[in-house]
Amino acid sequence: MSQPTLHDLYRPLGHDGPRVSPLGLGTVKLGRDQGVKYPNGFRIPDDDEARMLLKQARDLGINLIDTAPAYGRSEERLGPLLRGQRQDWVIVSKVGEEFSDGQSRHDFSAAHTRFSVERSLKRLETDYIDLVLVHSDGNDLAILNDSEVYPTLAALKREGKIGGFGFSGKTVDGGLKALEQGDCAMVTYNLNERNEKAVIDYASEHGKAILVKKALASGHVCLSPGVDPVRASFELLFEHPGVASAIVGTINPLHLAHNVATVAKVLRKN
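Per UniProt numbering, the sequence shown starts with residue 1, numbered consecutively.
Think of the hints as simulated: they come from the structure by calculation, not from any bench. The model shown is predicted, which means the values in this text are computed figures rather than measured ones.
The following label-pair restraints were derived from C-beta to C-beta distances: (1) 46 with 197: 37 to 47 Å; (2) 255 with 148: 31 to 41 Å; (3) 56 with 128: 22 to 32 Å; (4) 41 with 206: 33 to 43 Å; (5) 146 with 104: 13 to 23 Å; (6) 239 with 7: 20 to 30 Å; (7) 43 with 88: 21 to 31 Å; (8) 98 with 43: 19 to 29 Å; (9) 103 with 41: 11 to 21 Å.
Backbone N, C-alpha and C define an ideal beta-carbon position, used for all residues, glycine too.
Sequences and hints are given; from them, build the entire structure.
Printed below as a string of C-alpha cells:
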C-alpha cells in the first residue's frame, strides 16, 4: 500500500492567506540543540540528512515550513537547502527573539524588527517571507500595546517583503489582541494544554489563521495503553475548524511519515 500524503488536503491559512498543508515542518532541530525542551537528546542533521528530510516532507505533501532567528542556524541552512524550490514552500519565520551563546534575548523595537526581517530574507535567499510571527517572551499584551513590532510588520507587509504577520504568544489575552490587527496566531493546543482554545474560536469566527505549536506536547504526550497519542492529538486539533496547520518539528523520517499518515487518516475520517 502506498504511503498516504497530504497533497489533496491543503487548506487556506486564514481568509486570504496561501493554501497550506495541515502539517507543517518545524526546523528548530536543524539549527539548535541547546535550551530545547524535548524528552530525548538529538544530533543536528548534516546537510545531506536535512536535504533528504525536506525532500521527504515535500514528497509527502508538506508545503509549510517554520523557522526563526532563535532557532540557531536554521534560517541560514534553509536558504541553500531550499534553493530552486521557493515556489514549493510557504515559509513562516519570526522576529523578536535572538539566541546566542546558549541564551535567549528579546527585542521588539522597530529597528530590530526591520533588521531581523531583512536578515531573514538574506538567510533564506528569498525576496519575501509568507508569514512573520512575533516570538513572544510571555509578556504578550505589553509587546502588542507598548512596542513598535506590529506597526513595523504592517509596514513590511505593505512593502511586499512579508505576506502576512501575526503572533506566537503564550496567553489567551495576547492571542485575541494579536488577531485584532494581525493575520495569524500561533497557539499551544494539545491533549495536555487547551486553555488557548478561545483564540482558535475567535480566529474561526473572524477569518484569521491559526497555527498550532506543541501539538504533540513537544513529544511528552502520554495516554493510557492502547491509545495512539499521535492520532488522539491530531483528532483533538482537527476537530476544530479554526486550525489551519500543526507545526511539528521532527527530524526522524519514520516519525515524519507516521505523522503524515495519521493526519491524512484523521482528515479523511478513515
